[in-house]
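Visitor: Listed below are the residues making up each chain.
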Amino acid sequence: MTDSDAARREILRAVRENLKPRGIAPGSAEPVQSTADPGPATEGPQGPTKSFRAARGSTARFTERLAAVGAHCTVVSGEAEAAGALAGILSGAGARRVAGSDAPLAQRLLRPLGDRLEIAAGESLSRDELFACDVGVTTAQWGIAETGTLVLESARERSRLLSLVPPIHVAVLSTRCICESLGDALARVRQGASHAITFITGPSRTSDIELTLVVGVHGPQTVHVLLLEET
Amino acid sequence: MRVSLFATCLADQLWPAAAAGAVRVLRRVGCDVQFDERQTCCGQPAFNTGYRPEACALARRLIEIFESSGADAIVSPSGSCTAMLHHYEQLFEDAGWRARARGLAERTHELSAFLVNRLGVEDVGASFAGRLTWHDACHGLRDLRIKDEPRRLLRHVRGAELVELPPPGAETCCGFGGTFSVKYPEISVAILDEKVDAIERAGVDAVVSGDASCLMQIGGRLSRRGSAVRALHLAEVLASTT
Amino acid sequence: MTFDRDARTALADAQLRGALRHATTLFGERRRAAIADVPDWEGARDRARAIKDETLLHLDQYLEQFAANAERAGARVHWARDAAQACDIIAGIAEQRGARTVVKSKSMASEEIRLNAALAARGIAAVETDLGEYIIQLAGEEPSHIVVPAIHKTKGQIAALFAEKLGMEPSDDVTRLAAAARQALRRRFAEADLGVSGVNFAVAETGTILILENEGNARLTTSLPRTHVALMGIEKVIPRFADLEVFLRLLPRSGTGQALTAYQSLLTGTKRQPGDEGPEELHIVLLDNGRSRMLTSPVTRQTLACIRCGACLNACPVYRQIGGHAYGSVYPGPIGAVLTPQLLGMGESSALPYASSLCGACRDVCPVKIDIPAVLLHLRAQAVARSGGPGTHRLLERLAFWAYAAVMVRPRLFEWVMRCARTLHILPPLGAWTKWRDLRPLAPRSFREEWRRGLRHEAGR
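Chains L, P and D are the protein sequences, given in the same order. Using the working numbering, read the first sequence as starting at 261 and increasing by one per residue. Using the working numbering, read the second sequence as starting at 1361 and increasing by one per residue. Using the working numbering, read the third sequence as starting at 17 and increasing by one per residue.
No lab work stands behind these hints: they were computed from the structure. Glycine included, every Cβ here is placed at the ideal spot set by N, Cα and C. Check the hints yourself; a few may be wrong.
One side only, chain D facing chain P, incomplete, derived with CB under 8 Å [said to hold, decoys possible]: (1) ALA30; (2) LEU446; (3) TRP452.
Label pairs and their in silico Cβ distance ranges [said to hold, decoys possible]: (4) P:GLY1390 <-> D:LEU440: 37 to 45 Å; (5) L:ARG269 <-> D:PRO55: 40 to 48 Å; (6) L:GLU389 <-> D:GLY139: 25 to 33 Å; (7) L:GLU324 <-> P:ALA1455: 35 to 43 Å; (8) L:ASP362 <-> D:ARG37: 48 to 56 Å; (9) P:GLU1466 <-> D:ALA30: 44 to 52 Å; (10) L:ARG450 <-> D:ALA66: 26 to 34 Å; (11) D:HIS38 <-> P:GLY1456: 49 to 57 Å; (12) D:TRP432 <-> P:GLY1586: 46 to 54 Å.
Turn these sequences into a full structure, and let the hints steer you where they fit.
Guide: Structure follows, in structure tokens:
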């Protein structure tokens, strides 16, 4: 038996022993009823129409929250418009080295820009190249309206480092994938398939020095969301 | 309404105006007030310092004394001592004593809560000229949830102007904490000075509270700092008719 | 432990006190604003506490479930009975992988077990990457606050520190200071062989660990190096994935007044394809170190519900005056005052449970409704019940309370003693009171004397 196995036995035994005086027998789990928190959007008396109303209002809420947390947002309809908006963002930022994830949508949006910029595919980058990038472009799988949060699931967006290392992160998200609350998002992500699920709410920040806010510490300083309106 | 007064040892010996004021106010609103002279201390100092057997002995005694009172209610001019009685149940393992402690707690009220919530009275016919500010004593505020009641009573006092300390000023601890005030006096006074600074900035004639212990702490520092601001117990103000 | 002395030192430090006043006030305001947004804050607290209670009552099952699911997803789960074993496990992992530099994101548990020193003793350098932790690591100090560890330092002090240690041009500009740290640390991230992180929540149902942060250093720590070690106290486990919602609603608001921190990483085992991004290995270390002992009684068990938000520090009138260092341990403030004595034993930290006015402000703000005053009172009773307390102070105190109890059960004796004190002006030596506060004189007549002299029969007026 390894030391860790021995410790495991000791700890579990200690836990069971120490719980005994209460008369709770191990194995009699009595789960708390319904811990799933419905969240603010589903509380209240709206009834059956609320989910439709939520869907209509979600995009507006999401963009509002994005602004509140310091992320930029551009709403576009269709990929052509998206590619144009992306080009605008990149030139506006004076970006020269841009890396896109291998997600097909990210690749499609970046392709037309290949003659003006150094575009790399995320997974082919060395560490040094990754750290030298100006902009990382990824997809996002979900948006959370309640908090202005982007959700990336590693099974579908394989390059999280592009949303983290370059100082600018551009995320492409479909409006159809905006959910209302944290609870909704947690219900939709599939942690079985994705070993890493990342929630991103605005740019990186710290208040560690005299409680003064600094934006852009270890993660990106700027987050752009390209919101693809799809009907 | 027959009331048995739980005077508290501190008010009895160090702030009798609080206990006397409580008697007068309760009588003015029509209660028949008794005082059982066998009472001394509720045991809070012992309990708070970790001396549970001693606290237990005093608790048993007080439970017996008040059980024999035959009163409808036990009323006290102290939030912390009332809260102590409400915690008596925790001191006992025996189911019989726990039930008796529970019974006592149900009948025991802090003065302002009794007047406003049990008797439905906010105007006790008091007069007191001056600018006052209220200090929420911690046990009364957080254990007994007394917040609104003293303010309602004070607002009906003729001639009194109630000034609220800027939030969270009224609710911050005065730093007394029982033996804490002498075990860690520097910390106690550091906490106290923030409270006293706020009181002085408020430009009031007096600070009023429902706990004599807080008043000793705050009053003691006010006078040491040469302040003209007085420390008064709620019962003193409510009993005042001048 | 030298609480008395350290508290006095802190009280004499005007700059520290100003910083603490500013920080605790600001955090208090931000928290209040953030919770005003939540439709049923009290309901959320109750739910979270219920989940914690349920978990702790069946902790063995949930730990086993968590370990099984984490392992199924590819993680290696290690169990550590105490600090020494945990350090040994982590150092062992580092050594086996030939790791020379380790990057660390914020982990109070790692400070509790003194991991950095243990790694250093085995020739492994650990670099803190959370900005506040990085600052205090450079300064060789301990954290003074759970959420903002370097709150006791001015930007001037940090500028001087960075000038000395990083060769940076001294600058008071906070943005430039942060940028200097970012620059210095990026190289370490790129080169590190191993990343050590903490864990905020561990989900039994799925084997997922969740890490919250604002800076991005935890994401870098847990995705760049090929080995990731996640250290967690055994109390961090929660039953279901869906339970995360209520804790995510409570923790950021309570801690920093944010609706959500910038990043949450939900990690379930290792990457599914070898070519994917992310570490090759995930090691999760489950740490006991005294936690299982706290399960014995309901009063102490609630200590384990803590989600390390720091709200109690910001609400505490004592912490506000003395800051974190005086508590002499990695966990300061109200939660520290109850956790440290239980982890280290009362002998080590007997002062802590008494360093409180029992005001209860901490209980009001705790997102999981830990009744800290009740735990403090429990520990005080334990301190007294332990026979042979240190020093004559305890003996004198025992005598005093024996006398007090003897007097208080005898009302006539009580009156007589007080009358003596009154007429002879005898008072117990209370220099600790009178040095700063006037003592209210004993009234010429006690209430009970007034009662007997006529108040008893006075008509209502």
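Visitor: Could you tell me which of the numbered hints above are not met by this structure, giving the numbers in increasing order?
Guide: 1, 7 and 12
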